[in-house]
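> As given, the protein sequences belong to chains A and B, one line each in that order.
The numbering of the first sequence is the numbering used here, which starts it at 1 and goes up by one.
The numbering of the second sequence is the numbering used here, which starts it at 1 and goes up by one.
Quick caveat, the hints were computed from the structure, so don't treat them as lab data.
A few of these clues could be false.
[Unchecked claim] Far from chain A, some chain B residues (derived; all Cβ distances over 12 Å): (1) Arg29; (2) Glu65; (3) Tyr66; (4) Arg67; (5) Ala71; (6) Gly147; (7) Thr152; (8) Ala155.
[Unchecked claim] In silico contact screen, one side only, chain B against chain A (beta carbon under 7 Å); selected entries: (9) Leu18; (10) Asp21; (11) Phe28; (12) Arg30; (13) Gly33; (14) Gln34; (15) Tyr36; (16) Gln50; (17) Ala54; (18) Gln58; (19) Leu62; (20) Trp72; (21) Val76; (22) Pro109; (23) Asp110; (24) Glu170.
[Stated by the list, open to error] Each computed DMTMM-like pair below joins lysine to aspartate or glutamate, with the alpha-carbon atoms no more than 20 Å apart: (25) Lys390/A - Glu380/A; (26) Lys154/B - Glu6/A; (27) Lys215/A - Glu172/A; (28) Lys136/A - Asp114/A; (29) Lys179/A - Asp133/A; (30) Lys162/B - Asp7/A; (31) Lys423/A - Asp413/A; (32) Lys423/A - Glu339/A; (33) Lys162/B - Glu6/A.
We put the CB at the ideal spot given by N, CA and C, even for glycine.
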Amino acid sequence: MPESFEDLLTGIAESGARAAGESGAAAARSRGHQRTVRRRSAAGAFALVLLAGAAGIAAASTPHGGHTPPPLTHTTTPGPVPTNGPSTSASPSPSAGSSDSSSPSTTQTTATGDLNTVVPAAWVPLSAFPDDDTVKWTAQSTQPAIHTADRQWFSSCLDGRLSTTGALGYQELTATSGKSGDTDAADQVLFFYPSTAAAQSALATIAHGYANCPKATAGVDDKPITDSLTQTEHIDGAYAWQHTYIGANQNPDAPADRAAFNHEYFVQRGDAVEMVWLGGVSGDFMPVNPDLQFLAAMAGSLCTYGGECEPAGQPLTTTISAVGGTSLTPEGPAVQFVEFTVGLTNNLASTVSGIAPVVSLSHCTCVTGPVPVMPAGTLELWDAAAGTWKSVVYDREGSGMDFIISTPVPAFDLAAGQSVSFKFRMALSADQPVSVHNGSGRVNVTIIHPANPGTEIGDMPAAQLPVTVTVG
Amino acid sequence: MGAHAEWMDWGVAVSDELEFDEFYAASFRRVVGQVYAMTGSLAESEDSVQEAFARAWQRWSLVHEYRDPEAWVRTVAYRISVSSWRKTANRLRAHRRAEESDEIPGMNPDRLALMRALRAISAEQRQAIVLHHVVGLSVEEIAHEIGAPTGTVKARLARGRKALAPHVSEFAETGAADGGSTSQTQRTAQAAEGSK
């Protein structure tokens, strides 16, 4: 005879009671006691901050704005000089020159983490979190919560597979969007491990999990979901991923327990692993282009607990400079070239992998029309090994973003502190399908990961060269 | 000296430890089971109940005076747990503290099916249903425990049953009735009467 509803429900509760693991009354008393003491300590620290503010000390601004208190002082020692040798795969074109004159200024710290002590300097301020300028991340508490439970499971994928990373516990600060009616949320978590090796192993476990997420999966409500997962960035000891869950209708769709859009960042430094998660019903608020800078910012803070720090500021410096004149003409017996050099420098202490410049031609005021694309022409890359110019894609910006996909060179790695340069020349064709008159435009350079098409790294464009078009 | 001074300053006598420990031993598993039925996650239930007991100890001088300290712990644990549930439900996906599976080994298929069905209804409805059908509280008692009007409790019970109707044959004809189902307490009382 089948069980009645109440018998079933009571049976569930009794099963839970039987299976419950008791931590014990003494542990509960200890936890309550610790929290009382911690609250008193926090109150004392807050009073100290107020006193410091009254004394004018707060006027000394720190690079860590936002919600976090001023960073605590920690001992730093000069770090090793990064390896700046030319990247073995960074010469897609023999014309590419490289140098190692710009070693990034980094430090390496040797401090170790204490789960029960919140170190403000280790936290990236919410003001530095990626957003679309409408989401203003707002912390849900004044201090990170400390979780000391013994179970620390981790789920990289939607399929529910969990792995334990061996964390001692974690500190967590959650945030919500300050935009009215917005359900977007952020979570910043610092996991602490018994050793640096354990933290490195944890990051490897997490990365392995992400690398093996099944595409076809389901939410807890058994709703079929396709997991569209992209590793958007990677530097030493740091990864960024973006999950988008696609429903049966091929549109982003949220399973019952997950956000449709999830952007996740992980950094390991010393015996700590930091996770920042951004999630919401729309992906608009979490642009990918600041991922490299944000990972570097996380590493720059988390190195409080040891390991390599990353410098503040732009991770990559992109330049474009004319070798001679910048005037183009589509007519005349001799082709008139504009020659320019594109330079790229990695300012980080980590290798930036799989990047390439997009050299694109902006709209031109020299053409009349709803989409005034640059007049037809050619773009060539200097092949130093062959001693010749080689034709590459003449990439004109139109009405969409297609131009951001084509690169004149294959993807390459740029080691810490390394610089690379490419020499180009462009010319306009004598025969133009549209009427051209005097005007101006630009040669734009944008850095992308060709393996992740359509997504720029940092600003778009990162550098630009004005050119003029002269007719007659 | 410092520890003793702090201890006394905290307002808890050493003799309270015994009372608290007895309360913990008598109640912990039962409350975990109830919160588990409300939330569907054993790990979250364990953690939230442990946290609720920690909070109870922080204010034990008050809590132990309550008429039903276990109800206080259950309510606090539920709020902690449902907060966590909501956090998981709405956003948190990359990390969580949970067992390999929230399903307890050995549970029969009918109970597993009911657990899955319970996940499909709102947390407030689950809470009302568990308090009524497992803990055995009346609508008025539930209203008092969760701090909601009795009409709200009735509505949650009715809507919860209606939502569960496709999964529970007993509720197949459940309309918008209030707490008309026989509670555990009532059944126990009836059984006791029947045995007289």
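> Decide, hint by hint, whether the structure agrees.
Evaluated hints:
Its closest Cβ contact with chain A, about 4 Å, brings arginine 29/B to no more than 12 Å, contrary to its assignment away from the interface. Here glutamate 65/B stays apart from chain A, with its beta-carbon at least about 17 Å from theirs, past the 12 Å limit. Distance check on tyrosine 66/B: its Cβ is at least 16 Å (rounded) from any Cβ of chain A, clearing the 12 Å threshold; non-interface status holds. At roughly 21 Å, the least C-beta separation between arginine 67/B and chain A is larger than 12 Å, which holds for a residue marked as non-interface.
Chain A leaves alanine 71/B outside its interface by the beta-carbon criterion, the shortest separation being 15 Å against a cut-off of 12 Å. In this structure glycine 147/B is separated from chain A by more than 12 Å, as the shortest Cβ-Cβ distance comes to about 22 Å. With a least CB separation of 21 Å from chain A, threonine 152/B remains clear of the 12 Å interface cut-off, as annotated. Non-interface call for alanine 155/B relative to chain A: holds, since the shortest CB-CB distance, roughly 19 Å, exceeds 12 Å.
Below 7 Å, beta-carbon pairs count as interface contacts, and leucine 18/B has none with chain A, the closest being about 10 Å; its hint is therefore violated. Against a cut-off of 7 Å between C-beta atoms, the interface hint on aspartate 21/B holds, since the closest Cβ of chain A lies about 4 Å away. With 7 Å as the threshold, the beta carbon of phenylalanine 28/B comes within range of chain A, its nearest partner Cβ sitting at about 6 Å, so the hint holds. Here the hint on arginine 30/B is kept, as its CB sits about 6 Å from the closest CB of chain A, short of 7 Å.
Because the smallest distance between the Cβ of glycine 33/B and any Cβ of chain A comes to about 3 Å, under 7 Å, the interface hint for this residue holds. Interface restraint check for glutamine 34/B: the shortest CB-CB distance to chain A comes to about 5 Å, inside 7 Å, so the restraint holds. At about 3 Å, the closest approach between the beta carbon of tyrosine 36/B and any beta carbon in chain A falls short of 7 Å, and the interface hint on this residue holds. About 5 Å separates the beta-carbon of glutamine 50/B from the nearest beta-carbon of chain A, less than 7 Å, and the hint is met.
Hint status for alanine 54/B: holds, given a least beta-carbon distance of 4 Å to chain A, under 7 Å. Nearest Cβ of chain A to the Cβ of glutamine 58/B: about 4 Å, under the 7 Å cut. The hint holds. A distance limit of 7 Å between C-beta atoms decides the matter here; for leucine 62/B the minimum to chain A is near 13 Å, and the interface restraint is violated. Hint on tryptophan 72/B is violated. Least Cβ distance to chain A is approximately 14 Å, over the 7 Å limit.
The beta carbon of valine 76/B is not positioned within 7 Å of any beta carbon in chain A (closest approach about 12 Å), and the interface hint is therefore violated. Of the supplied interface hints, the one on proline 109/B is violated, with its beta-carbon coming no nearer than about 11 Å to a beta-carbon of chain A, more than 7 Å. Look at aspartate 110/B: its Cβ gets to within about 6 Å of chain A, closer than 7 Å, so that hint holds up. Checking glutamate 170/B against chain A: minimum C-beta separation of about 5 Å stays under 7 Å; hint holds.
With a C-alpha separation of about 5 Å, the suggested pair lysine 390/A and glutamate 380/A falls inside the 20 Å cut-off, and the hint holds. A threshold of 20 Å between alpha carbons decides the hint, and for lysine 154/B with glutamate 6/A the separation of about 17 Å falls inside it, so the pair holds. Restraint check for lysine 215/A and glutamate 172/A: not satisfied, since their Cα atoms lie roughly 29 Å apart, outside the 20 Å limit. A C-alpha spacing of about 30 Å is found between lysine 136/A and aspartate 114/A, which places the hinted pair above 20 Å, so the restraint is violated.
A threshold of 20 Å between alpha carbons decides the hint, and for lysine 179/A with aspartate 133/A the separation of about 10 Å falls inside it, so the pair holds. Proximity of lysine 162/B to aspartate 7/A is assessed by CA-CA distance (about 18 Å); at most 20 Å being required, the pair is judged to hold. Taking the CA atoms of lysine 423/A and aspartate 413/A, the gap is about 18 Å. The hint holds against a cut of 20 Å. Proximity of lysine 423/A to glutamate 339/A is assessed by CA-CA distance (about 7 Å); at most 20 Å being required, the pair is judged to hold.
Of the supplied pair hints, the one linking lysine 162/B and glutamate 6/A holds, its CA atoms being roughly 15 Å apart against a limit of 20 Å.
Violated hints, in rising order: 1, 9, 19, 20, 21, 22, 27 and 28; the structure is consistent with all others.
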